[in-house]
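Asks: Whole structure, please, built from the sequences with the hints as guidance.
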Amino acid sequence: AQRVTQPEKLLSVFKGAPVELKCNYSYSGSPELFWYVQYSRQRLQLLLRHISRESIKGFTADLNKGETSFHLKKPFAQEEDSAMYYCAISGGYQKVTFGTGTKLQVIP
Amino acid sequence: EADIYQTPRYLVIGTGKKITLECSQTMGHDKMYWYQQDPGMELHLIHYSYGVNSTEKGDLSSESTVSRIRTEHFPLTLESARPSHTSQYLCASRGTGLYQPQHFGDGTRLSIL
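Just so you know, the protein sequences line up as chains C and P, in that order.
Residue 1 is where the first sequence starts when you use our numbering, and the numbers rise one by one after that.
Residue 1001 is where the second sequence starts when you use our numbering, and the numbers rise one by one after that.
Keep in mind that the hints are not guaranteed to be accurate.
The calculated lysine to aspartate or glutamate pairs, modelled on EDC-like cross-linking and capped at a C-alpha distance of 20 Å, are [stated by the list, open to error]:
1) C:Lys103 <-> C:Glu20
2) C:Lys95 <-> P:Glu1072
3) C:Lys95 <-> P:Glu1001
4) C:Lys22 <-> P:Glu1042
5) C:Lys103 <-> P:Glu1042
6) C:Lys95 <-> P:Asp1059
7) C:Lys95 <-> C:Glu54
Don't read these hints as lab results, they were simulated from the structure.
Replies: Here it is in structure tokens:
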């Protein structure tokens, strides 16, 4: 079975501080991993996927197969980054499972 | 414009009523999904579909049912609503191929009195 764990329900950081949102997964094959973001009163939307290896809104995420992790990082937090962040995995059969989410609060 | 649409956005209804939540997408996606989410909380997969006439139950047991008669349409039905069904329901679709992201609708916020 595929599973995603996001250990922090809430992460509070000051503006300009580095951010790391943790995501660990369990899946026996080669999963597809994603980060989604939900800003207040907006739709859930894709932020990053592991295959693209790009930086979106200053965020990056590296897949570490040895540690089965896909942590989301940003060197300098901005107030507009405050949102709910969800890590998601898609394994066999195209089922997509989400983690419990982490609320990022950037303090001015 | 290619998008995914959910109606209604909000529904307040009494116990015992039959409810259908609509979800339509104009992106030609084969895969569609229903999630249950209390605001700001975890998303629970309740149903998904690979294509027409294919539906599967998700990770969270649900008393709802779904159908997929047309590619673009994936309605969710509750035969007899109860207060425990009060939640937000999100619909998503996904294209074919590896690493395709899901596209989400605005959601339906359901309150059962």
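Asks: For the pair supplied as a hint, lysine 22 of chain C and glutamate 1042 of chain P, confirm whether the alpha-carbon distance does not exceed 20 Å.
Replies: holds, 15 Å
Asks: Is lysine 95 of chain C within 20 Å of glutamate 1072 of chain P, Cα to Cα?
Replies: holds, 19 Å
Asks: Are the Cα positions of lysine 95 of chain C and glutamate 54 of chain C separated by 20 Å at most?
Replies: violated, 24 Å
Asks: Decide if the proposed pair is consistent with the structure: lysine 103 of chain C and glutamate 1042 of chain P, CA atoms, cutoff 20 Å inclusive.
Replies: holds, 11 Å
Asks: Holds or violated: lysine 95 of chain C with aspartate 1059 of chain P, Cα cutoff 20 Å?
Replies: Holds, at roughly 9 Å.
Asks: Given the hint that lysine 95 of chain C pairs with glutamate 1001 of chain P, test it: the Cα-Cα distance must not exceed 20 Å.
Replies: violated, 27 Å
Asks: Measure nothing beyond the straight line between the CA atoms of lysine 103 of chain C and glutamate 20 of chain C; if it is 20 Å or shorter, mark the hint as holding.
Replies: With a Cα-Cα distance of about 12 Å, the restraint between lysine 103 of chain C and glutamate 20 of chain C holds, given a limit of 20 Å.
Of the numbered hints listed earlier, those contradicted by the structure are 3, 7.
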